[in-house]
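Asks: Chain residues, written in single-letter form:
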Amino acid sequence: MMNAASDVIIVGGGLMGSSAALFLRGHGLSVTLLETDLIGRQASGTNFGNVRRQGRALHQLPLANRALAIWRKSRELLGTDVEYLQSGHIRVCYRERPELVGAMEDYADKARHEGLELELLTGNALRAKFPFFGADVLAGSYSAMDGHANPRLAAPAFARAARRLGAAIHENTKIVDAQKVGEDFHVTAEDGRTFRAPILLITAGAWGNALSSQFGEPVPIVPKGPNMSVTEPVPYAIHPAVGVMTPLEEETVYFRQVARGNIVLGGSTRGPSYPDQYRSYVLPQNTLSQLKQIRRLAPALGKLNIIRVWSGIEGYLPDSQPVMGPSGTTSGLYYAFGFSGAGFQIGPGVGETMAEVIAKGSTDIPMEPYQIGRFATAP
Amino acid sequence: MAEPRIIIVGAGPAGVRAAEAVVQAGLRPTVIDEARRSGGQIYRRQPDNFTRPYEKLYGTEAGRAKALHDSFDALTGKIDYLPETLVWNIADQHVWTASGNIQQTLPYDALILCTGATDRLMPMKGWNLAGAYSLGGAQVALKSQAVSIGSEVLFMGSGPLLYLVASQYVQAGAKVAAVLDTSPSTARIKALPDLLALPSVLWNGIQLTRALKKAKVAVHHGITPLEIMGSSETGVSAVRYRTASGAEKMIACDAVALGYHLRPETQLADLARCDFAFDPATHHWLPLRDQDGRASVKRVYLAGDGAKILGARSAEASGKLAALAALADLGRATGNGEMIALRREVATYAKFARGLATAFPWPAHQAAAIPDEAIICRCEAVSAGDLRSVMRETGAVEANRAKAFSRIGMGRCQGRYCGLAAAELIAAVAQIPVEQVGRLRGQAPVKPLPIAIGEEE
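First to last, the protein sequences are chains U and A. With our numbering applied, the first sequence covers 1 to 379. With our numbering applied, the second sequence covers 1001 to 1457.
One thing to keep in mind: the hints can contain errors.
As the list claims (entries may be wrong) - Straight-line Cα separation of at most 20 Å, SDA-like style, residue types lysine to any residue; simulated pairs:
hint	chain 1	residue 1	chain 2	residue 2
1	U	K303	A	A1452
2	U	K303	A	G1100
3	A	K1447	U	E232
4	U	K292	A	G1100
5	U	K303	A	P1450
6	A	K1447	U	L288
7	A	K1447	U	G261
Claimed, not checked - Just some of the chain A residues that point at chain U, by a computed CB distance under 7 Å:
hint	residue
8	W1096
9	P1448
10	G1454
Unchecked claim - Each pair of labels, with its calculated beta carbon distance range:
hint	chain 1	residue 1	chain 2	residue 2	range
11	U	K129	A	R1028	52 to 62 Å
12	A	Q1431	U	T329	45 to 55 Å
13	U	D136	A	A1277	32 to 42 Å
14	U	D81	A	A1277	30 to 40 Å
15	U	R112	A	S1231	30 to 40 Å
For the record, the hints were derived by calculation from the structure and aren't laboratory data. Bear in mind the structure is a predicted one, so any value in this text is a computation, not a measurement. Idealized CB from N, CA, C, for every residue including glycine.
Turn these sequences into a full structure, and let the hints guide you.
Replies: Here is the structure:
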C-alpha cells in the first residue's frame, strides 16, 4: 500500500532527524519522519548530555555555535523544559600528560577565532574554585557558555514540536528498503507500508550504513555503546560539566550533576552493542574502570554510590567525523549520521543546517569534512 | 576435568536446599547472600546475642525454620559461603560481587538464582510518611530486632503475610489497631478448592485469623484504602478507608504495615538476559523456566520465590530441584525418581499459590484511583499527578518510556517498589491491558554500588 506522499522523508528519529523535521516544517516543507523504535531511544537518548563545544574539531565550531543558539532558546522553541543548563564545561588534563597543556593553549587560541572563549586555569586555581578536583589534575580549560541537558527528553521534545507543526511521525516503523523510482524515493517498512517523497534524509545513526549502502555508498561505521552510570541524588553543588582530555580511551571520563542532585558519569572503555537486536550492554569491567577513573578525577565522588548503569547504540566513523550533506550518487538524497559519540550538542544545529541545505540548496556552515565521498574507494 | 563451579545466589529456603543437594553430589558450591546470616526473609535468623526460642520467632513454622538453619550449619566447611555480599552484575558466565568495597569476579558452570521476594506495594496517599512500613519491613523489625514499628499498629493490604505479621505482633504483645483487608471475604470461598491442596497450611491460616479474633483485633474485609494520614513532622496518625458497604471510616494509629503479598526479585535473571513473560494470574513478569528451573539462558537456573511466588515450602523443593537439574546438565547423575517427586511437590504448592492469588487478589484497579498528590515513586518523589501529566504531554505508555520522561522507577530501587503500580496506573490512563505497558528493563547494579569499589587501601 502507498501512504500519502510528502516533500521530505526522514529515516531515523534521533535528535538529528527530529530537529531536522522541526526545521523543515519551518521552511514550509511537508515531512514524514520514520523511526524503527521510539524517538530518541538509542544514541540520542542514552548519551551523557554534554552541551559542549570545547574539544570539538575546529571545523565543527560554526555548527556547534549554531546549535548553541538553538539550545539557548530551546524552552520557547519546544514548549517544554529539556533541562538545558548553560552552567559551564571544564576540560582538564593530568600531571602524567604535561604535553596536553600546550595543546589546550593552542586549541584555546584557535577556538577564539571561531567564537569559542576558553579560560585556561592551573590545577591549583581549579581546585580553589572547584575543590572536588583530585591532585592529578594539572590544568584545565573552562568554557562558561557550554553546559548540559537531559538527553532522555531532548529528541522526543523536538519530535513533539515538529508534530505540532504538522510533521507526520511514525514510530515502530522499521525501514527495510529505500530506492529511487523516477523522481521519487520509495521507502518501504517491514510491515509493507511504503512512503514516497522526492527528498530523502537518512539520520539513522549506527544503522545509517545499511541505507547508504542501498545507494552505493557504504561507510565503515562501527557500532559501540557508551558506558554510563548515575549516582544517588546529593545536594546540587557542581554546576559545570567536567571531562578529561587524554588520548587513552580508558582514561576518558566525565561527569555532570543534574539539578535533581544525581551525578551522571560517563566514559572509559565503550562496550559492545548489537544494532540488529537494538540492544547494548554495559560490561561490568568497564563500569569498574570508569569508577576508578572518576576517583582519580574527583576523589570526593568516591563516597557516593552508583544506582544504575546504561548504554545505547552509537555509530563511530574512523575519523570521528559524521557523514553529513548530499549523497554523491543520488540527487535528492541527504545524510546526517555517524556522529561518533559526539552528536548531542550539535544535534539541533545539524537539524537546522540540513533543513537549510534541503530547502535552500546551500548553507554557510562548512560541510566539506563530512562528505560521504571521503570513504569511497578509488575506482 | 576440573570440578564444575556452581554458584548459588541467596541463602533462604531455596538456596540452602540447592546448596545441600550440590554438596550431597560431592561438589563444593559457592553460596552468595546479601544478608549477614542465612535463612532468607521468612526464616530470618535473629542476631547472635538474641535468645528468643524458635517457637516464639517462627510460630507454626518453627520446625521448618530450625531444620533449614541446621541444614545450612551442617554445610559449614563444605561450601564457600560469602555472606553480606551483593551480586551486582552478571556477564560472560561470571558473577560480579561487592562486599563493602571489595569486588570479586567469579566464574560459573551453573548459576542457581534463589533471589527471593520483596513486598508488593500499592502506593497510596501518605505511604511515604514516617511510620508507614511494608509488611515485610514490619516483620523484619520484630524478627530481627524484637521491636514493634509503633505503639498502635494498623495492618492493611492483602495476602497471607497480612494475617501472619499481624498475629506475630499480637503474640509479641504489640497493640494492633486493626487489620484491613482489601480482598472480599467471598474471594476466599472461591479459592477454597485450590487452597485445599495444602490442608495443613490452610488450617494454619485459619488459626491466625482465630488468634486475631481472640485478641479482639478488628478485621475488616473488602475495604478500599483511602489515605494514611499524618504529617511529615510527626508521622502517621490515622488511616482513612472505605468499608465494603461504602462508608468512610478512620482508625487512629501511629504506624502502618502495608502490603499485597509478594513480588519476585528478578533483576539478576534479567541481567543474565533471561526471557520473561507476563503472568496474567498475578500481573507479574516472570523469568521463563522449565519445570525443573532451567532458565531460557544456558547454565542459569531459577528457584524459590525469586522465580515465582509459591512460598517457602515450595522454595525448598524448587531449590533442590534446580540443583538436581544443574547437576544432571553437568553430567553428574542424579536420582530421576527424586526429581519426579519434587516436581509433583512443586505442582501442589503451585495449586495452593493459585488459590492464594484468588483469595487475596492484587487490587490493580486501585491504581486508577490514586490521587494526583500521592507519591508513586518514593526514590525520585514522582507523584501520580506527575506521571499523569507526563503521559498527557508526551503520550508515553511504554514502561521504560514513562520512566525516561517522568523519572518513575529511575531511583535507587529501580522501580522494584513502585514499578508494578506505576504500570497499572499507566494502563488505566491509557486504557490498555497492563502487559502492553511492558516491563522496566533491569540495569546493574542490582543494589547501589560504591564508587569506591575495588579501591586499594
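Asks: Each hint needs a verdict: does it hold in this structure or not?
Replies: Status of each hint after checking the structure:
1. U:K303 with A:A1452: Answer holds: U:K303 to A:A1452 is near 7 Å, not above 20 Å.
2. U:K303 with A:G1100: holds (12 Å)
3. A:K1447 with U:E232: holds (11 Å)
4. U:K292 with A:G1100: With a Cα-Cα distance of about 16 Å, the restraint between U:K292 and A:G1100 holds, given a limit of 20 Å.
5. U:K303 with A:P1450: holds (7 Å)
6. A:K1447 with U:L288: holds (15 Å)
7. A:K1447 with U:G261: Distance of about 19 Å is within 20 Å: holds.
8. W1096: holds (4 Å)
9. P1448: holds (4 Å)
10. G1454: holds (6 Å)
11. U:K129 with A:R1028: 52 to 62 Å: At 56 Å between Cβs, range holds.
12. A:Q1431 with U:T329: 45 to 55 Å: holds (48 Å)
13. U:D136 with A:A1277: 32 to 42 Å: At roughly 49 Å between Cβ atoms, A:A1277 and U:D136 fall outside 32 to 42 Å, so the hint is violated.
14. U:D81 with A:A1277: 30 to 40 Å: Distance hint for U:D81, A:A1277 holds at roughly 38 Å.
15. U:R112 with A:S1231: 30 to 40 Å: violated (57 Å)
When the structure is compared with the earlier hints, violations turn up for hints 13 and 15 and for no others.
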